[in-house]
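Letter by letter, the chains look like this.
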Amino acid sequence: MDCALYSAGRRRHRIDDLRTALREAEKEDGFVWIGLVEPTADEFDLLAEGFDLPELAIEDAIRAHQRPKLERYGGVTFAVVKPVHYVDHVEVVEVSELAIFLGDRFVIVVRHGDTTIPALVRTALEADPEMLLHGPPAVLHGILDKAVDQYLDVTAAIDEDLDEIEDQVFGDDPGSDHAERIYKLKREVQQFRRAVVPLVQPLTRLAEDEVPCIPAYARPYFRDVQDHALRAAELIEAADALLTGVMQADLAQVTVEQNRVTVQQNSDMRKISAWAAIAIVPTAIAGIYGMNFDRIPFQHAPHGFSVVVTVIGVVCVGLYVAFRRNRWL
Amino acid sequence: MDCALYSAGRRRHRIDDLRTALREAEKEDGFVWIGLVEPTADEFDLLAEGFDLPELAIEDAIRAHQRPKLERYGGVTFAVVKPVHYVDHVEVVEVSELAIFLGDRFVIVVRHGDTTIPALVRTALEADPEMLLHGPPAVLHGILDKAVDQYLDVTAAIDEDLDEIEDQVFGDDPGSDHAERIYKLKREVQQFRRAVVPLVQPLTRLAEDEVPCIPAYARPYFRDVQDHALRAAELIEAADALLTGVMQADLAQVTVEQNRVTVQQNSDMRKISAWAAIAIVPTAIAGIYGMNFDRIPFQHAPHGFSVVVTVIGVVCVGLYVAFRRNRWL
Amino acid sequence: MDCALYSAGRRRHRIDDLRTALREAEKEDGFVWIGLVEPTADEFDLLAEGFDLPELAIEDAIRAHQRPKLERYGGVTFAVVKPVHYVDHVEVVEVSELAIFLGDRFVIVVRHGDTTIPALVRTALEADPEMLLHGPPAVLHGILDKAVDQYLDVTAAIDEDLDEIEDQVFGDDPGSDHAERIYKLKREVQQFRRAVVPLVQPLTRLAEDEVPCIPAYARPYFRDVQDHALRAAELIEAADALLTGVMQADLAQVTVEQNRVTVQQNSDMRKISAWAAIAIVPTAIAGIYGMNFDRIPFQHAPHGFSVVVTVIGVVCVGLYVAFRRNRWL
Amino acid sequence: MDCALYSAGRRRHRIDDLRTALREAEKEDGFVWIGLVEPTADEFDLLAEGFDLPELAIEDAIRAHQRPKLERYGGVTFAVVKPVHYVDHVEVVEVSELAIFLGDRFVIVVRHGDTTIPALVRTALEADPEMLLHGPPAVLHGILDKAVDQYLDVTAAIDEDLDEIEDQVFGDDPGSDHAERIYKLKREVQQFRRAVVPLVQPLTRLAEDEVPCIPAYARPYFRDVQDHALRAAELIEAADALLTGVMQADLAQVTVEQNRVTVQQNSDMRKISAWAAIAIVPTAIAGIYGMNFDRIPFQHAPHGFSVVVTVIGVVCVGLYVAFRRNRWL
Amino acid sequence: MDCALYSAGRRRHRIDDLRTALREAEKEDGFVWIGLVEPTADEFDLLAEGFDLPELAIEDAIRAHQRPKLERYGGVTFAVVKPVHYVDHVEVVEVSELAIFLGDRFVIVVRHGDTTIPALVRTALEADPEMLLHGPPAVLHGILDKAVDQYLDVTAAIDEDLDEIEDQVFGDDPGSDHAERIYKLKREVQQFRRAVVPLVQPLTRLAEDEVPCIPAYARPYFRDVQDHALRAAELIEAADALLTGVMQADLAQVTVEQNRVTVQQNSDMRKISAWAAIAIVPTAIAGIYGMNFDRIPFQHAPHGFSVVVTVIGVVCVGLYVAFRRNRWL
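Protein chains in written order, with our numbering: chain A, 126 to 454; chain B, 126 to 454; chain C, 126 to 454; chain D, 126 to 454; chain E, 126 to 454.
The hints are simulated quantities; they were obtained by calculation from the structure and are not laboratory data. Some hints here could point you the wrong way.
Same chains, same names: a pair is fine if it fits in one copy or spans any two.
[Stated by the list, open to error] Straight-line alpha carbon distances no greater than 16 Å define the calculated EDC-like cross-link-like pairs of lysine to aspartate or glutamate that follow:
#  : residue 1 : residue 2
1  : LYS309    : ASP284
2  : LYS152    : ASP297
3  : LYS309    : ASP213
4  : LYS194    : GLU359
5  : LYS194    : GLU184
6  : LYS309    : ASP365
7  : LYS309    : GLU291
8  : LYS309    : GLU168
9  : LYS194    : ASP154
10 : LYS309    : GLU289
11 : LYS309    : GLU219
12 : LYS152    : ASP229
13 : LYS194    : ASP334
14 : LYS396    : ASP278
Starting from the given sequences, assemble the full structure and let the hints guide the process.
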């Protein structure tokens, strides 16, 4: 649990107990910022009591596996954001989850899974006193902004992998594992979409509607984030559509390649068989003249052998010509 | 028929007749909770009369096979929910149906098919007097909450089966029954979707609109259920899309595998045929020298045999080299 | 033309002329119910004049081939409904058409094609005086209710045929006519959808909006019909999606089956060819020793024959072993 | 340029100059109706000035290639309609374009491409004085009505071609050009859709909203047209979906047919090879006994020949039986 | 940086510093028009200060890679447009980006990538003083108009390539690289769509809503642009759908072609094998009579040879007839 009191744009390190901190926050026009990692219900109890957090939101924050959303419970705004992280060498989109409670004088960020966003935002804001003066909304904006930037990074990484896949599919070596790679990337894109698309609607509300905890002058900043989220969503849809297309193209390529190989092999077989068929003729004719009868026509003729060999030669050449004409050779 | 009077958060066992029960419920600020299993119209008559239930809703409750819905008839709210149950070893989604009549002082739950939800909710509420104090809306919430939790369980089970299918499709053993398994799971997902997706709209109304029988303070609880239903719906859509994708990938895999096997077999055939073609040559040449003519060239030459055998050997080696060059061997 | 005056829940047989009938209907608080089958414009003229029917609606009612719809022309409501009928042995959805004019004191039902709905509704209402008292709206409801019930029947029949198709596609006998059957059923489903889906919107208006000719107390009944129509529409979409899926699965099955058969056949061929290749060796070696030269090595050796035969045997066994190692045998 | 003044339901032939004509139209409560074919900007100048036409609409009318639309510029309504024409023997949907300027006292119809609609509407209205009395809106209605009727004609023609394609695909002769025909018809359907679907929204506005130049009593007539346009749009979507389906079915049919032919051919090959393999055995055995050694076992035995021939026969029969058992013969 | 002051429809060349220019623009009822190419944040600083530009918009304008959009920040309207350019010989859609700041007295156009639109619009407007009088909105309109015209040009170019692809796919030479070409064009179409489709909504707002910086009389001009953008969007969707269709058709064509070639080759093989099988028979029979036994039946018969040869002939003819009957020859 990372917990600090901020006021006048600076971090104050004295957090003794929550109630005192809150009181001080109020007195100094500052706010309390608490970070938690996968807390248990027991760990959360103290916070829930101290900040009067809504029961249902607490449950969501502890259990995780929520959809991205923004909800208002009395004076507390509850948001769920799902940062993503692309592990390129295995082409997996790892989704983590942040649950954020936003009050007038406090912000609580609950992290599930592996994401550096809370730390990054805290560092960035502590380095920017002017921004920090805006209080909890600045924290929410920082987190959303970073998360959406990551979405755009991931779409870029996916696009690169898509390029690689295209090179493989249309490249020289029609290997056998494209379908698997395409499908698995598609599955990751599906999961990624579930993190991004439902966030657009909450961002739209932050940008356009009256969300009580967000001052009106901050809306353009959230609109900017929403715009980037929309762009990420569009890029995800495009990647998904392209993956479907490349799967079809892969199937066509494989079929064409199969066609080419089979046609070549069949053609080879035809040639070999045709040569073999030609070779059988001398065997057959010679075999007939090899029979052990007392009387074989022309057996004693002086040029018998030459005549038969010539006949064999003529038949073979004739067959060769005929096979050529049939395009079998 | 499981029927009891609840008041002050406790179960009272005295249900003599419905009218008296209702009167008592009113007097003691409690409610009557009745559970029925696939009732006939006759069995329902008494209830219909006692609680002044709407005729059309009664018909729906008796006939079942309704869409999930929420309707208001005068003072009675009528809801249809379709719990699901995943039978993993046959990969079948079993859909049951609950029809719920909600009045100020009563709740009637009609069950069709096999679901433990009514029993679970009754047990849970009887163990939670505080919750029970909220009356019929608590029962409705309990049922919806449990049903939606089951939806999420089933999506998880389907995801596991999808993982299995992926392992099969992309695994070492390209068997022949993937298409069937994929298709049948897709069919189950379709049926599952029909249970879940139409429920989102009634849940949205419970969470946002003024549904007369639901007190305003209860809306966040229904919003929570709606959120989970939305998540289930998203996961169902994702599973459906992935099943389509895996079907395509399966087709591609099968084609690639077919390609590989056919190419290997054709290549084997080509090799065997090429060897056979080489072997035919000695037969043919030897056959010619085996003909029974009186005069055969070189017949009496001392090295005739060796020369011909050498010629045969040279021809065979020449063919072998030529075939190698053609990549037939 | 089936034409009668109804009042006080009973049928009165005296229809002399339309104006008198209308006047009497008004006097006795009843209504005139006229049924027509594929009328010509001339036949319709009298009605159009007598009841002051809207010209455009008349045209639609005579020409048929309209979309399902609900329109209001002054005091007259005009509805088009498309009942369907499933001819199971040819798997064809037969669509007929009913045009309905609804006034305060009259209802005119124009039938195109083969449907028993008007007759069924008349029989049912004549047997139910209480229902008949509600006048023309009861007739409209009866027709819509019956039509939507038929939709659900047809979806059930289509589901059965889909089950049959699944059994065929995934069954033991991969025949050749699945694609045709699947496609043709898909075509019927398309046609069926065009009868059902456009009806949902008029039903929604009847259930929710102020349609002047429908009393407010009747709306729940139309909502019930709308609900069933929605269910039918969902089932149609599901059947359509499943038909697409089963077509793909069929293609995969056929490909897999083709794969299996081809692999088996190729494997057989390889075996036969390998055996033949082995058999060629003795022929070739023996052929060489069958050449008619004066001097053949070992010709006069006492065990020449046995040695060569042994060599042949050894070569054959060697080939057999080599082929086994290559998995050609 | 076909230009006339109409008043009191009759055509008056005196058009001297546009301003006079307009003045007279106003005086006599009539209107000026001008028809143009692919005018240049210069030809249009006079009209633009005389009738005070909006500059942007003029540009659209001259350049053509617009989407179907309805726009209001001050007192002038500008509509674009795209009539279609189906050239059956080449299965091509030819799309032409009509730009219509509608004022209180004038209507200008600019035609691009080949369509008889303006002429047909003029003829029909000149024969119907009562209709002509309604002025410019009657012209607009006439054109829209005719265009939409043509849409329905074309959908019917496409359906017929689709039936033909189905007969071909599922017929006895699996030829090779189905894919091309299906695809090209799909392309035409796409083009056709772009003419029809965007027209629905303007028609809805004409039927429901307050379009200033259309009197309220005329709306049902436009609603009628809109209804038919919706029907055409639905039929186009259905045809498109069916073309996709028939393409898939074609692929499945081709694959099945390929399967059948290949299996038959492979089976033939297997049979021929098996017979050849059997025939090789006597050759081999006989070859061995044909070797020229001095001492061959049983050479001098009286029944040596018969024994060997019997052995050969037994081996052949044995092979035949074995091959039958393996289902190679 | 191309920077000028315009007033009274003419270009004035004196831009000393921005503040003076702005003051003068106000005094003379003119405006400042600044063009930038891929500026750095530092280069932008001066402008940001001088014109009081919104910080978030500046960031977007510098970083580029934004979606097409239209945003209002206080007195400044910020628009992003993505012009496209089709490089036909590589079939690539090149997308550039323009960020436009629009104030009452200034317009700033930031260009990223390679597009001539800013230059074209400046030239066109400087040649049209009347248009220039409308100030910044005329610049915005000019850019949007040109961009959308380019979209239509690109759709035409894509349609031509699609025609080429169709000719290839259905042409005489079924080559192997259609899938790649189709897929890659599809990818370009996807990218193109992302430039066009999101622009429709801002154009609709310019055409219909109250966008403060656009005078009401200018809306029809933006509606015209919107109309063309809609047409471009429709053509893009159509091209995308056709590319999907042609990919499927290509697969079908390839399969059919493969079928044809394989069937032909198999048929050839069958023929060759059948002839070879016939030729084996004389070899076998003759081989038997070539065995070196002392006593061979009929060896000494005068017509033994002729009889055996005749038998061989009869067997061969018999086989030939049988093979013909089996359609193997």
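Q. Between the shortest in-copy and the shortest cross-copy C-alpha distance, which are at most 16 Å for LYS194 and GLU359: within, between, both, or neither?
A. Only across copies: LYS194 and GLU359 sit 14 Å apart there, 19 Å inside one copy, limit 16 Å.
Q: State whether the alpha carbon distance between LYS194 and ASP334 is at most 16 Å within one copy, between copies, both, or neither.
A: within (15 Å within a copy, 19 Å between copies)
Q: Go through the copies and call it for LYS309 and ASP213: within, between, both or neither, with a Cα cutoff of 16 Å.
A: Classified as within: same-chain Cα gap 13 Å, cross-chain 24 Å, threshold 16 Å.
(Q) At most 16 Å between alpha carbons: which applies to LYS194 and GLU184, within, between, both or neither? (A) within (14 Å within a copy, 27 Å between copies)
Q. Can you tell me if LYS309 and ASP284 fall within 16 Å by alpha carbon in one copy, between copies, both or neither?
A. both (14 Å within a copy, 14 Å between copies)
Q.
Reference check for the pair LYS309 and ASP365, CA-CA at most 16 Å: within, between, both, or neither?
A. This pair counts as both: shortest intra-copy Cα distance 11 Å, inter-copy 15 Å.
Q) Using 16 Å as the alpha-carbon threshold, which applies to LYS152 and ASP297: within, between, both, or neither? A) neither (71 Å within a copy, 68 Å between copies)
Q: If the cutoff is 16 Å on CA atoms, where do LYS194 and ASP154 land: within, between, both or neither? Let me know, please.
A: Classified as neither; 28 Å inside a copy, 37 Å across copies.
**Q.** 16 Å Cα threshold - placement of GLU289 relative to LYS309
**A.** Intra 14 Å, inter 13 Å, cutoff 16 Å: intra and inter.
(Q) Checking an output row: LYS396 and ASP278, CA cutoff 16 Å. Within, between, both or neither? (A) neither (56 Å within a copy, 52 Å between copies)
**Q.** Intra- versus inter-copy proximity for GLU168 and LYS309 (alpha-carbon distance at most 16 Å)
**A.** neither (38 Å within a copy, 45 Å between copies)
Q: Go through the copies and call it for LYS309 and GLU219: within, between, both or neither, with a Cα cutoff of 16 Å.
A: Classified as within; 13 Å inside a copy, 29 Å across copies.
Checked against the numbered hints given earlier, the structure breaks hints 2, 8, 9, 14 and satisfies all the rest.
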